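Asks: With the sequences and hints as input, model every part of the structure.
Going line by line, the protein sequences match chains A and B. So in UniProt numbering, spot 526 of the first sequence is number 526, and the numbers just go up one at a time. So in UniProt numbering, spot 399 of the second sequence is number 399, and the numbers just go up one at a time.
Rather than coming from a laboratory, the hints here were simulated on the basis of the structure. Fair warning: this is a prediction, and the values are worked out from it, not measured in the lab. It cannot be assumed that every hint is accurate.
[To be verified] Quick list of simulated restraints, FRET-style, between CB atoms: (1) K244/B / T134/A: 30 to 40 Å; (2) E141/A / K244/B: 36 to 46 Å; (3) R213/A / D267/B: 46 to 56 Å; (4) R203/B / E141/A: 18 to 28 Å; (5) V122/A / G153/B: 24 to 34 Å; (6) R213/A / E246/B: 50 to 60 Å; (7) P129/A / K244/B: 38 to 48 Å.
Don't be surprised by glycine CBs; every beta carbon is placed ideally from N, CA and C.
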Amino acid sequence: MTTWETGPTAYAGPVSLAPQPRAVGALLWLDVLDSTIRACGEHGRSELAEWLTRRRAQLLRPELRVLVAGAAQQGKSQLINALINAEVCAGAGVPTVVRHAASPTAQLVRRGSPDADWTDEVGLQDRVPLGLDTLGASIAESTARLPAGAPVHAEVAVPRSLLAGGLVLIDTPPLAGLPGVAERAGADVVLYACDADRGLGDPDLAVLRDLARFQPGLLVVFTKTDYAADWRRTLADGRARLARAGVPAATTAVSSVLRLHALKTGDTALNGESGFPDLIVHLQRTIAAKPDRLARDTVARLAQVVLAELAVPLRDDLAAQRDAGVPDAVARLHATQRRLDDLRKCAVRWQNSLSDEIGDLMSDVEHDLRERTKAVLAQAEEFFAEADPAKAWDEFEPWLRQSLQELAETSTTWLAERTEWMAHRVAGCFPPEAGEVLPPPALASAVDDGVDEQVPGLDAPPVARFSPGQKLFIGLRGSYGGVVMFGLVTSLAGMSLINPISIGGGAIFGGKTIRDESKSLLKKRQAEAKAMVARHIDDVFVRLNKEARDSVRRVQRALRDHFTAVTEDLQEIVMDSLRNAKVAADQDVAAREQHSRRIQEELAALARLHSEALALTGVRA
Amino acid sequence: MIDDEELEQRTYRLLNDAAHVYRAVPPAAALLRSTLDGLAGPLRIAVAGPPGSGKSTLVNALIGEELAPVGLPGEVVYRDGTEPRAWWQDTEIPLIRTATGLRLTPDARHTAGTGERAVIAWPSRVLRRTELIDARLPAADADAILYVTPQLGEPELRTLRAARGRLAPPVHIMVVLSRADATGGGRIDALLTARQLARRRRREPRTAMVCQDLSAVSPLIAAAARTLGDDEFAAIAALAALPKDEAEPHLLSTDRFTAADALRPVDAQRRVRLLQRFGLGGIRLALTLVRTGSDTPAALAERLQEHSGLKELQAAIASLFTARRPVLRARSALTTLDRLLRTHRNPAAGNLLGQLELLVADAHELRELRLLSALRSGRVTLPREDAADAGRLLGGAGTSVGERLGMSPDATAAQTWAAARAAGERWRALAHGRTLTPAARRAAETVLASCDLIVNRLDRLAAPIP
Numbered sequence: 001m002t003t004w005e006t007g008p009t010a011y012a013g014p015v016s017l018a019p020q021p022r023a024v025g026a027l028l029w030l031d032v033l034d035s036t037i038r039a040c041g042e043h044g045r046s047e048l049a050e051w052l053t054r055r056r057a058q059l060l061r062p063e064l065r066v067l068v069a070g071a072a073q074q075g076k077s078q079l080i081n082a083l084i085n086a087e088v089c090a091g092a093g094v095p096t097v098v099r100h101a102a103s104p105t106a107q108l109v110r111r112g113s114p115d116a117d118w119t120d121e122v123g124l125q126d127r128v129p130l131g132l133d134t135l136g137a138s139i140a141e142s143t144a145r146l147p148a149g150a151p152v153h154a155e156v157a158v159p160r161s162l163l164a165g166g167l168v169l170i171d172t173p174p175l176a177g178l179p180g181v182a183e184r185a186g187a188d189v190v191l192y193a194c195d196a197d198r199g200l201g202d203p204d205l206a207v208l209r210d211l212a213r214f215q216p217g218l219l220v221v222f223t224k225t226d227y228a229a230d231w232r233r234t235l236a237d238g239r240a241r242l243a244r245a246g247v248p249a250a251t252t253a254v255s256s257v258l259r260l261h262a263l264k265t266g267d268t269a270l271n272g273e274s275g276f277p278d279l280i281v282h283l284q285r286t287i288a289a290k291p292d293r294l295a296r297d298t299v300a301r302l303a304q305v306v307l308a309e310l311a312v313p314l315r316d317d318l319a320a321q322r323d324a325g326v327p328d329a330v331a332r333l334h335a336t337q338r339r340l341d342d343l344r345k346c347a348v349r350w351q352n353s354l355s356d357e358i359g360d361l362m363s364d365v366e367h368d369l370r371e372r373t374k375a376v377l378a379q380a381e382e383f384f385a386e387a388d389p390a391k392a393w394d395e396f397e398p399w400l401r402q403s404l405q406e407l408a409e410t411s412t413t414w415l416a417e418r419t420e421w422m423a424h425r426v427a428g429c430f431p432p433e434a435g436e437v438l439p440p441p442a443l444a445s446a447v448d449d450g451v452d453e454q455v456p457g458l459d460a461p462p463v464a465r466f467s468p469g470q471k472l473f474i475g476l477r478g479s480y481g482g483v484v485m486f487g488l489v490t491s492l493a494g495m496s497l498i499n500p501i502s503i504g505g506g507a508i509f510g511g512k513t514i515r516d517e518s519k520s521l522l523k524k525r526q527a528e529a530k531a532m533v534a535r536h537i538d539d540v541f542v543r544l545n546k547e548a549r550d551s552v553r554r555v556q557r558a559l560r561d562h563f564t565a566v567t568e569d570l571q572e573i574v575m576d577s578l579r580n581a582k583v584a585a586d587q588d589v590a591a592r593e594q595h596s597r598r599i600q601e602e603l604a605a606l607a608r609l610h611s612e613a614l615a616l617t618g619v620r621a
Numbered sequence: 001m002i003d004d005e006e007l008e009q010r011t012y013r014l015l016n017d018a019a020h021v022y023r024a025v026p027p028a029a030a031l032l033r034s035t036l037d038g039l040a041g042p043l044r045i046a047v048a049g050p051p052g053s054g055k056s057t058l059v060n061a062l063i064g065e066e067l068a069p070v071g072l073p074g075e076v077v078y079r080d081g082t083e084p085r086a087w088w089q090d091t092e093i094p095l096i097r098t099a100t101g102l103r104l105t106p107d108a109r110h111t112a113g114t115g116e117r118a119v120i121a122w123p124s125r126v127l128r129r130t131e132l133i134d135a136r137l138p139a140a141d142a143d144a145i146l147y148v149t150p151q152l153g154e155p156e157l158r159t160l161r162a163a164r165g166r167l168a169p170p171v172h173i174m175v176v177l178s179r180a181d182a183t184g185g186g187r188i189d190a191l192l193t194a195r196q197l198a199r200r201r202r203r204e205p206r207t208a209m210v211c212q213d214l215s216a217v218s219p220l221i222a223a224a225a226r227t228l229g230d231d232e233f234a235a236i237a238a239l240a241a242l243p244k245d246e247a248e249p250h251l252l253s254t255d256r257f258t259a260a261d262a263l264r265p266v267d268a269q270r271r272v273r274l275l276q277r278f279g280l281g282g283i284r285l286a287l288t289l290v291r292t293g294s295d296t297p298a299a300l301a302e303r304l305q306e307h308s309g310l311k312e313l314q315a316a317i318a319s320l321f322t323a324r325r326p327v328l329r330a331r332s333a334l335t336t337l338d339r340l341l342r343t344h345r346n347p348a349a350g351n352l353l354g355q356l357e358l359l360v361a362d363a364h365e366l367r368e369l370r371l372l373s374a375l376r377s378g379r380v381t382l383p384r385e386d387a388a389d390a391g392r393l394l395g396g397a398g399t400s401v402g403e404r405l406g407m408s409p410d411a412t413a414a415q416t417w418a419a420a421r422a423a424g425e426r427w428r429a430l431a432h433g434r435t436l437t438p439a440a441r442r443a444a445e446t447v448l449a450s451c452d453l454i455v456n457r458l459d460r461l462a463a464p465i466p
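Replies: Written as structure tokens, this is what we have:
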């Protein structure tokens, strides 16, 4: 390496750090930028606001940071070395920041994180001094000591009048994700190096297109023109391709080898051939233009990108609103109205259903009771077809009471079941959203009230007694004929009228008469008992029927009251929600209109800002 | 463990079995048929790489003629023929020779179809045993790949990883760094520096993962040297005859070299032509060579070929590709079969796949190639004399028994036997001893296996014919 202090520096034009007189409104870009930052804040995009704030600070710095980027082996490091005539970029795979200083220094800077800005201050412990004369080796040595993948860059300061104007050159290793690196490195301008032998390929154009979104003053430098056979064609071709791709980038062609050779030999003509004077003039113009022209272009570009990003969610919102159709609140209102109608229809329906069911139930209960009593009666009659009421009554009476009791209970149970079923049936008429409308079980069991009392007993029928006296009398009356008949016959045989034979005959006749008499008495008793039982059962039937009807009526009244209350409650609720829905729908429509009006206003504000930003580029100072 | 003959036979049998299994599947059957045909044909080397990397120029340099067609899309296949002929999409088309290469003029009726492929038949010694395919992407059916690229960065490594295949180490890939002459701004020592860099790159595991070898070549200088004309030599000699101080400023840049009023002895037009043919670096190199004694066209061409890296590349192709024709062809055929078996499922495919895996695992040749490349690149180190011995035994100097043992052609059978026995003993001791590092011991085991194979082959030679 040549010594650091010496080495001619080509073209060191007069560059002053003193602020140059500016046209009125030259700082307008700052206003636009601030408005944009505010807009980001208002739209809750703090990360964008932060980014813009960083860029703002960067734009206000007096230095011009130039990032030299490009694919591998494109002569990036050589470009910087030739530009300032010092071997500062060793190409050790570590980015190098080259700036001006009165005395040469070199440090390796370890950044806090891969995402940290390169311009952030770092402490002394993160700065490793490097040997100036063996830069490449000492960078390799220092990086080897750091953990692998630690974010580092070298900072080299050399005394060069070109750099004294505030120019900072940044050499980057070949890498993807260029806009991000340019961002973090705080680059104001990007030089994209490209081998003139190779020309711009599609990957290069893609990277350039990405860069151009954020970076004005993009410059494509075709390097190694000394070696390329036909670099003029490559240059023209590159220009055409850039124009076709719509990338606003300037182009130039240089040869680092020629420049270094020219500097070594002091050959001005060769220096001219190297193409570097043009590049240096361009860079110096850019430095001069930074506070005004470059800043305006940058702000215009940033504002466009950011505003477009801010507008996206707003437009989406607007479109979504337009596409959403009937809003929720209105839909709810309609639904509530429908529910009210349903409820009204349901009231009619359940009333009809209840009265129908009650009618059915009444006839069913009566029919059922009748059937059951008939069966009991038939059994009783069958019993008395054989049994003697006088003897069997004690046995019969408990049975009758028992069966009638059972009958009453069965009927009551059945009635209760029917009532419950009916309640379900009526409840079924209500719309499902009405919820649980069944009456409490107490209501349905109102049936039980009337049947607590016992079925009355039945006294024995008055029995026509057949006393021994009567038997004797009837026996004597029957035996009279027998004695006479047999006495007459035996008298013929010479016996007296009263003889043993006639007495025997009388006895037979008397016995027969007694038997006949007692049989007819039995018949009579049975008929009497049957009639009595039938009457009794009929009484019981009438009473049970009456009770059942009463129960049914009671149940009917209870159910009607209950369901009427339920209906009224439901109606009340629905009316309430209808009122609410109406209010909500009105509010919603108003809110939506207001919202879309606000979005449109915001969009208009963004558009205004956008046109202001665009105007920045148009204004020539 | 099997040797190359058996590998070839077993590959052939396996492919035949597969052809039988897939006889009812037309595309698979067609693929297998062409693969079987390819087993008998010449070695197909694909010269692949990104556009503008110098593929066509390298093909010219390898064949030694300006054959690459001008402005033709798609891939170009160069094969041996009795007379120059050309086909475009299977239709024969006229072929015109121009100063800068062949001009093929496919007309519209020929351009129908999707795969654009031109075939050029040319009588050439180089093409007799190999077939070159000039394509942008590594052709799937190529036996070996020369990947030509200006630099070996992450995107190129990715392409190569995709081309490596899953069957075996990448014994069939060689990377050619094609901008060797422009290294360090195209100084005289550019090619030397480039070759040193290449040697260093070769040792990197990242590079070794994807290729067998890596070399730095300047296709431009190599092609120009192979086809150096007398008038070109005359022009170069005239330039070299100029005093150094007078010539030097005009060699600084292409602009200066072609300027109308510079270098009077050779007129500007010829200088432009020279620049196109040699490049500035090539011209600087040629002038230096002429000044330092290469004063005949033949000597200059020879030295230029040497400096351009072509000789080294040719040697590498000869020892790594051409000498290993059977194993490379078997490898590509097996790769094709493997892909077929995995994509066209068939009840019998599992069995075939098992046989295939067994065959690949058995193939000692593939391991030999791998170790050779490791030894050449220095990824595996053996003591110096052992390394030379191992390279020879592995077939680095030729794959016949005599060449492997380093015997003179007139050695007797008994001497050969003794040499084979001795080599076996020595490598057995090395492989089982404790003097070497584990990696070197594994290498020694592979060499030992090669020795065993040599003994087996001698046994077979000596066995009485039944």
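Asks: Could you run down the list of hints and mark each one as holding or not?
Replies: Results of checking the hints against the structure:
no.	hint	verdict
1	K244/B / T134/A: 30 to 40 Å	33 Å, holds
2	E141/A / K244/B: 36 to 46 Å	40 Å, holds
3	R213/A / D267/B: 46 to 56 Å	50 Å, holds
4	R203/B / E141/A: 18 to 28 Å	21 Å, holds
5	V122/A / G153/B: 24 to 34 Å	30 Å, holds
6	R213/A / E246/B: 50 to 60 Å	52 Å, holds
7	P129/A / K244/B: 38 to 48 Å	44 Å, holds
The structure shown violates none of the earlier numbered hints.
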